[in-house]
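As given, the protein sequences belong to chains W and P, one line each in that order.
For the first sequence, this note's numbering begins at 45 and goes up steadily by one.
For the second sequence, this note's numbering begins at 7 and goes up steadily by one.
Keep in mind the hints are simulated off the structure, nothing from the lab.
For every residue, glycine included, the Cβ atom is placed at its ideal position computed from N, Cα and C.
It cannot be assumed that every hint is accurate.
Simulated DEER-style distance windows between Cβ atoms [said to hold, decoys possible]:
no. : chain 1 : residue 1 : chain 2 : residue 2 : range
1   : W       : Arg272    : P       : Lys121    : 21 to 31 Å
2   : W       : Phe143    : P       : Lys121    : 25 to 35 Å
3   : W       : Gly281    : P       : Ala180    : 34 to 44 Å
4   : W       : Leu217    : P       : Lys121    : 40 to 50 Å
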Amino acid sequence: MASTAPLVVQASLLRRLQKELFGSRVDGLLSIALLAALLAAGLGFFRWALFQAQWAVLGANSTLFAVGRYPVEQQWRLWLLIGLLALATGLSWGLLRAFPGSGGVRALWPRNDHWAAAILAVLALWLPMALHLTPAIKVRWWGIFALLLLARWAAGRYGKAIPQTYRRLFPLLWPLLYLVGMVLISGGLGLVQVPPSEWGGLLLTVLMATFAILLCFPLGVLLALGRRSELPLLRWGSVIYIEFIRGAPLITLLFLGQNILGFLLPGGFSPDRVWRAAWVLTFFAAAYVAEAVRSGLVAVPAGQLEAARSLGLPMPLALVHVVLPQALRVALPATVGQFISLLQDTTLLSLVGLLDLLGTARTVMANPMFLGKNAEVYLVLAILFWSCCVALGLGSRGLETRLNPHSPSAQKA
Amino acid sequence: MISSPALMIEARAVEKWYPNGFHALRGVDLYVHQGEVVVIMGPSGSGKSTFLRTFNALEDFQKGSIVVDGIEISNDLRRIDAIRREVGMVFQQFNLFPHLTVLDNLTLAPVKVRKRPKAEVERQALDLLERVGIVEQAHKFPGQLSGGQQQRVAIARSLCMEPRIMLFDEPTSALDPEMVQEVLAVMQELAREGMTMVVVSHEVRFARQVASRVVLMADGEVVEVAPPQQFFNNPQHERSKQFLSQIS
Ligand SMILES: Nc1ncnc2c1ncn2[C@@H]1O[C@H](COP(=O)(O)OP(=O)(O)O)[C@@H](O)[C@H]1O
Ligand SMILES: [Mg+2]
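Using the sequences plus the hints, can you model the full thing?
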């Protein structure tokens with residue numbers, strides 16, 4: 045049964061395609077015309093991409109796109125950070141496979157992982173070549189990729205041998221790494237300061253997005269709880285905040301933040317332009333996350349809180365152990381949707397004069413040497429954002445199945 | 007009874023209005039002594055659930071007083087949590103926590119509220135599950151159990167906090183007929199061991215066999231309180247007769 049299932053699905057898919065595309069003569073003609081148009085467009089695109097487009101603009105500016113005007117003599121700190129990230133990613137990936145939750149796949153190298161590793165390998169080997177990076181940098185990327193795979197393999201193979209008490213602490217590695225990363229990027233603790241005004245490109249975009257994502261989530265949960273609180277002050281405060289933010293376009297809030305935060309805070313405390321923008325992004329996204337979480341809270345039956353309270357759990361414990369786990373599970377897809385918009389919204393930073401990916405791209409295209417290379421640059425930018433969003437989406441799906449192996453719908457199936 | 011057992015629930019002239027102005031309880035009294043099983047009956051909407059839920063402060067009330075196990079119910083949150091630790095409650099819809107295994111449903115409150123060591127609580131939880139006859143389901147999730155099994159888990163979950171009083175709000179009303187008996191058997195066993203219980207239920211056989219007294223409520227008032235034999239064989243009030251003729 046199980047082995048023939050995919051065949052059956054494929055056959056019925058073919059039949060359905062046939063029925064939907066060529067059901068009648070008109071349908072058939074329309075389908076053929078559409079397919080021809082698609083084919084022509086695709087061919088045109090490939091002809092352009094392979095023969096006309098000049099990709100040199102990317103290779104020549106690869107450092108600029110990656111880190112902006114980050115001082116060259118300090119860039120080793122970023123390499124170190126990337127190495128640490130690869131190590132942590134590999135370890136987490138391997139441990140996830142060694143301990144696949146109750147719903148996960150029980151295999152050290154499931155087929156999805158072959159794909160992921162293969163795609164990573166192609167990117168790691170081919171991209172540095174395609175971008176004509178210097179040999180030293182090429183070798184660095186290959187080393188980082190090897191480190192990732194090695195960590196993945198080692199954690200998967202030997203993860204079970206780690207005592208449980210240490211393994212429990214492992215997720216703390218990520219917040220720790222975030223702090224280490226902040227120090228490495230901005231300096232301090234004996235490292236030379238690199239002010240935020242010198243961060244740029246992908247570095248700035250990723251930094252802004254992760255900062256806002258990490259902070260807007262707890263803030264959004266608190267706002268959602270506040271909105272359902274019985275204390276009028278808290279409830280109305282949350283409602284007014286959420287509705288005000290959701291009623292204003294982000295770009296106006298960004299400009300407002302750039303101008304107003306400087307007046308509100310005394311000179312020395314006024315955060316740098318970059319941090320101002322980061323806080324505005326955070327406060328903006330929090331309002332939307334709050335609405336996503338609220339929809340999750342509504343989905344939890346009132347009896348759950350009553351049962352928890354009647355067992356003597358005080359309100360905070362009842363929320364943390366009973367209500368929120370259920371609510372957040374429901375709210376997860378919508379919340380990740382907000383994270384994805386947030387990532388895309390970081391492009392607005394270029395409009396308030398920050399050199400994020402888009403801002404960097406615009407300075408590159410304004411350079412007379414690379415005039416008229418807009419299509420190449422924008423295409424790569426779009427692909428970059430798209431892959432980040434796909435990764436977020438896949439991660440959220442994985443989390444959902446990992447959290448939810450025993451949903452009522454799963455049991456009936 | 008020579009020395010009368012301690013008074014566990016003492017409700018005097020309790021009146022409640024819902025926020026929409028509905029007068030749900032119109033001066034009800036109830037006294038429950040240690041080891042008693044009081045069964046509350048009455049037509050739907052008569053205020054049985056509302057009354058029961060005032061005993062562990064899931065509902066507030068505006069007039070009268072309620073003393074549970076020596077603690078007067080007031081707005082003091084700490085006192086309310088103290089009362090809830092001593093009073094277990096079983097709901098019509100079970101209200102098990104669907105994201106936790108059966109075992110974790112039982113151990114959550116004792117570990118987090120009473121701060122007891124997890125291993126010890128787990129042993130006790132498995133004992134309780136054994137007693138209600140579902141120890142083999144300990145590592146499943148509530149959604150994988152039948153209604154009768156879920157309600158028995160819910161009872162065990164309450165017992166794991168070692169309460170001195172158990173409240174039941176129509177514990178068998180949401181069950182398929184063939185599962186009612188397994189839940190009633192557990193409750194009967196509990197009563198035999200001397201648990202103080204207040205049960206909202208229309209199970210006449212259970213009331214006849216287990217109840218110390220039967221209370222009939224109608225329109226937010228207590229109409230009749232009597233030992234079960236007297237209540238079912240020789241009801242004193244017109245409203246009681248009318249109700250009994252409807253359910254039999
Ligand atoms: N939250 C509420 N707001 C307003 N009226 C309510 C609320 N809950 C219950 N009631 C009303 O109070 C009365 C008693 O309800 P309840 O105690 O649930 O009755 P029973 O359990 O005896 O069926 C019913 O008429 C019901 O409509
Ligand atoms: Mg009721």
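Consistency of the hints with the structure:
1. Arg272/W x Lys121/P: 21 to 31 Å: Holds, at about 28 Å.
2. Phe143/W x Lys121/P: 25 to 35 Å: 28 Å, holds
3. Gly281/W x Ala180/P: 34 to 44 Å: Given range 34 to 44 Å: holds, Cβ gap about 39 Å.
4. Leu217/W x Lys121/P: 40 to 50 Å: At 29 Å between Cβs, range violated.
When each numbered hint is compared with the structure, a violation occurs for hint 4 only.
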